[in-house]
Every structure is written in structure tokens, then in C-alpha cells.
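Undergrad: Start counting the sequence shown at 2; every next residue gets the next number (the numbering used here).
No lab work stands behind these hints: they were computed from the structure.
Quantities reported herein were computed from a predicted structural model and do not represent experimental measurements.
There could be a bad hint or two in this list.
[Stated by the list, open to error] Derived pair list, reagent style BS3-like, types lysine-lysine, alpha-carbon separation capped at 30 Å:
| hint | residue 1 | residue 2 |
| --- | --- | --- |
| 1 | Lys318 | Lys148 |
| 2 | Lys148 | Lys159 |
| 3 | Lys265 | Lys226 |
| 4 | Lys226 | Lys141 |
| 5 | Lys159 | Lys318 |
| 6 | Lys226 | Lys318 |
| 7 | Lys226 | Lys152 |
| 8 | Lys152 | Lys141 |
| 9 | Lys265 | Lys318 |
| 10 | Lys141 | Lys265 |
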Amino acid sequence: MTSRKPPTPPSALSGWILAIACVSAIVLGMLSADAAAQQPKEQEALKPGASASAAAEGGAAPSPDAEDAKEDEEEEEDEDEEEELYPGTGPDHGIYPLHGNEMVPLEWMPPGTNASPVPSDEVFPPQTITIRFNHKLHMKDFEQTCKVCHKAAFDSVKSSDRLMPDAEETCDNCHDVDHGDLDAVESGGERNGECGFCHIGYEAGKGGRVARMVIPDPNLRMNHKAHIDRNIDCAQCHGVIAQLEAATREQLPRMAGCFSCHAKPPPAQGDARGHCTNCHLTEPSGQMQTEFSTGVLQPPQWLHSAAHTPDWIERHKGVAGGNSALCSNCHRSDFCTDCHDGRVRPRNVHPND
Numbered sequence: 002m003t004s005r006k007p008p009t010p011p012s013a014l015s016g017w018i019l020a021i022a023c024v025s026a027i028v029l030g031m032l033s034a035d036a037a038a039q040q041p042k043e044q045e046a047l048k049p050g051a052s053a054s055a056a057a058e059g060g061a062a063p064s065p066d067a068e069d070a071k072e073d074e075e076e077e078e079d080e081d082e083e084e085e086l087y088p089g090t091g092p093d094h095g096i097y098p099l100h101g102n103e104m105v106p107l108e109w110m111p112p113g114t115n116a117s118p119v120p121s122d123e124v125f126p127p128q129t130i131t132i133r134f135n136h137k138l139h140m141k142d143f144e145q146t147c148k149v150c151h152k153a154a155f156d157s158v159k160s161s162d163r164l165m166p167d168a169e170e171t172c173d174n175c176h177d178v179d180h181g182d183l184d185a186v187e188s189g190g191e192r193n194g195e196c197g198f199c200h201i202g203y204e205a206g207k208g209g210r211v212a213r214m215v216i217p218d219p220n221l222r223m224n225h226k227a228h229i230d231r232n233i234d235c236a237q238c239h240g241v242i243a244q245l246e247a248a249t250r251e252q253l254p255r256m257a258g259c260f261s262c263h264a265k266p267p268p269a270q271g272d273a274r275g276h277c278t279n280c281h282l283t284e285p286s287g288q289m290q291t292e293f294s295t296g297v298l299q300p301p302q303w304l305h306s307a308a309h310t311p312d313w314i315e316r317h318k319g320v321a322g323g324n325s326a327l328c329s330n331c332h333r334s335d336f337c338t339d340c341h342d343g344r345v346r347p348r349n350v351h352p353n354d
């Protein structure tokens with residue numbers, strides 16, 4: 002007969018099961034502890050500024066692209082916060098008449114712009130404006146008038162008078178900055194007191210110096226006080242500044258706009274005489290000064306069709322014959338007689354004589 006192995010007693014079987022369970026619990030406990038220790042390191046590596054410590058411990062540091070993206074995000078958040086605190090004062094505001102350099106509607110431009118789209122270079126030389134300023138923000142939102150910043154214009158009798166605001170007397174009243182000593186300007190803690198808030202191109206670390214603003218004197222006689230005393234509003238010469246951000250050279254007067262008063266009949270004209278030398282500079286001879294460093298001043302086409310275009314020689318007879326006084330503002334009588342009373346007529350005018 003074949004012998005059989007006796008069956009394992011139940012007590013022995015239960016002992017094996019208990020041993021296996023104990024070993025499994027020990028292994029799972031070791032794995033859980035290792036995972037718990039690893040998790041804080043991963044979380045620490047995700048914190049800002051943790052890249053260096055992670056690298057020192059052998060962990061993987063964030064990639065440069067990830068760091069750049071985070072910096073860009075933080076800068077955008079700062080700009081959004083600045084825009085929220087000071088609407089219309091971001092780095093791209095206050096440098097053009099309209100935000101984004103959009104075209105200004107004609108009805109907001111100085112009167113006469115439809116006849117003369119840009120100011121005369123000979124009358125108003127080119128300027129360099131290095132200040133960021135939002136007129137609409139100050140005038141509509143803060144309810145400031147022209148006189149708050151340009152009070153000097155209300156007593157000005159010469160075109161060479163300084164009409165820009167005094168930083169210490171005007172800007173410092175609202176901005177957290179002290180312009181008392183321009184060699185040591187002190188800025189407070191507010192954002193609107195930082196130099197770069199208003200001064201375009203300002204860079205810290207250059208002794209506090211800012212780019213110089215250049216606004217040459219106009220080649221024109223201008224008495225602001227006389228106009229203001231006649232209740233002539235600023236917009237009648239400069240356009241609707243209250244709708245604009247920056248006021249540039251484009252907001253300077255056009256002669257066609259001046260003629261809305263200066264070309265009226267004498268009874269309605271009052272003191273606004275229409276003679277050219279009432280506003281234009283003159284030579285010692287009494288004629289108008291026409292030559293300047295920026296060019297030669299010439300009449301526009303809308304003024305009695307007197308523009309000195311290439312066909313002027315052929316058509317000047319009709320203009321001069323109809324209004325010789327107009328020509329005499331710039332030309333002496335011998336300018337005409339040298340040709341018309343001469344024995345030899347210029348061949349470029351009279352080729353067949």
C-alpha cells in the first residue's frame with residue numbers, strides 16, 4: 002500500500018498566513034514612508050527661487066523657458082495692477098494725441114486743419130517732447146482746467162514766454178515727488194512719483210537726469226493775454242485738447258484758423274487786424290521775414306491762390322494785379338521793377354519777346 006502524508010494541522014496553516022501578512026505590512030509601510038519623504042521635495046522645487054537648492058540637492062531645476070514665462074506673467078500682472086491704479090497711465094499712454102497713435106478726428110483738431118493739415122515748419126520749428134502726459138485723464142477724470150498747468154499763458158504777451166507747467170509748483174501737488182532741486186529730485190514711494198512715470202526714456206542709474214525737452218520759440222508774434230481777455234477759448238486755436246492724451250506740435254494753430262477772426266470785415270474785426278505783420282516777424286526794411294533755419298516761408302494756396310508753385314511765374318500776374326498789397330508784404334517795389342521796367346525781359350518768363 003502507498004503511504005499518505007498526514008494533513009497539515011489547521012494551527013500551522015494559520016501561522017503561515019499571519020507571517021505573510023506581517024511581512025506585507027512592513028513592506029507597504031516602508032514604501033509609504035519613502036513616498037511621503039519625496040513629496041515635500043517636489044513641492045519645494047515648485048516654489049519660486051527653489052531652482053538653485055533643487056540643483057544643489059541633485060533635483061531637476063525648472064527650465065529657462067519656464068522661468069522666462071513666469072517672469073513675463075509677473076510683469077503682466079504688475080502692468081495690469083498699474084493700469085488699475087492709474088487708468089490711462091501705462092507706458093504706451095500719453096505719448097500720442099490718441100492711444101496707439103490713432104488718427105485724431107478732424108473736429109478735434111485746431112481750426113483750419115482741413116486747409117493746412119500740418120503746422121508750418123517755418124513758423125513752428127520741430128519739437129522734441131520727452132514727457133508722457135494724458136490731457137484727457139487730467140481734464141475729464143480729474144476735472145483740471147488748462148490754467149492749472151498753463152497759468153503762465155494767461156499773462157503771456159510774447160511768443161517767447163515759457164508756458165509749460167512748473168514741475169515744483171504744479172506737478173508736485175499731485176505726484177509723490179519733489180522737484181525743488183532739479184539736481185537732486187526726490188521721489189516718494191508712490192508709483193506716480195517715479196521719474197519714468199512721466200519722463201520718456203528715463204533710465205535709473207544715470208544721476209537722475211532725464212532727456213531734455215526742446216520746444217523752440219515760434220517765429221511769430223503772439224499775445225495770449227490779449228486773446229484770453231477777449232474770451233477766446235483755448236480750443237479755438239488748439240482744438241479739443243480735453244479729448245486727447247498727448248498734446249504735440251499737431252495741436253498748434255493753423256493760419257486758416259486764425260483767419261476766422263482776423264479776416265473779418267473791419268467793424269467785426271475789432272483789434273484782430275488782418276495785416277500780415279500783425280503776427281509775422283519783420284525785417285528791418287518792414288517786409289515780412291521769410292527765411293528761417295527751417296525753410297522759406299511762402300503763402301498757402303488758399304490765400305488768394307498765391308502759393309508759389311512751379312507755375313507761379315505764369316500766373317502771378319493775376320494775383321499781383323488783383324492784390325498788389327499782398328505781394329508788398331514780402332517784396333519791395335524794386336523786386337517787380339527790376340523785371341517789368343527793365344530793358345531786357347527775363348527769357349524764362351518771356352521766351353518769345
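Undergrad: Would you mind marking each hint as holding or not holding in the structure?
TA: Hints, verified against the model:
1. Simply put, Lys318 and Lys148 have alpha-carbon atoms about 48 Å apart, too far for the 30 Å limit, and the pair is violated.
2. For a cut-off of 30 Å, the pair hint linking Lys148 to Lys159 stands: about 17 Å separates their Cα positions.
3. Under the criterion of a C-alpha separation no larger than 30 Å, the hint pairing Lys265 with Lys226 is consistent with the structure, at around 21 Å.
4. Restraint check: the Cα-Cα separation between Lys226 and Lys141 comes to about 25 Å, which is no more than 30 Å; the hinted pair holds.
5. The suggested pairing of Lys159 with Lys318 is violated, with an alpha-carbon distance near 37 Å, which exceeds 30 Å.
6. The suggested pairing of Lys226 with Lys318 is violated, with an alpha-carbon distance near 40 Å, which exceeds 30 Å.
7. Restraint check for Lys226 and Lys152: satisfied, since their Cα atoms lie roughly 11 Å apart, inside the 30 Å limit.
8. The straight-line distance between the Cα atoms of Lys152 and Lys141 is roughly 18 Å, inside the 30 Å bound, and the hint therefore holds.
9. The suggested pairing of Lys265 with Lys318 holds, with an alpha-carbon distance near 26 Å, which does not exceed 30 Å.
10. A distance of roughly 34 Å separates the Cα atoms of Lys141 and Lys265; the hinted pair therefore is violated under the 30 Å criterion.
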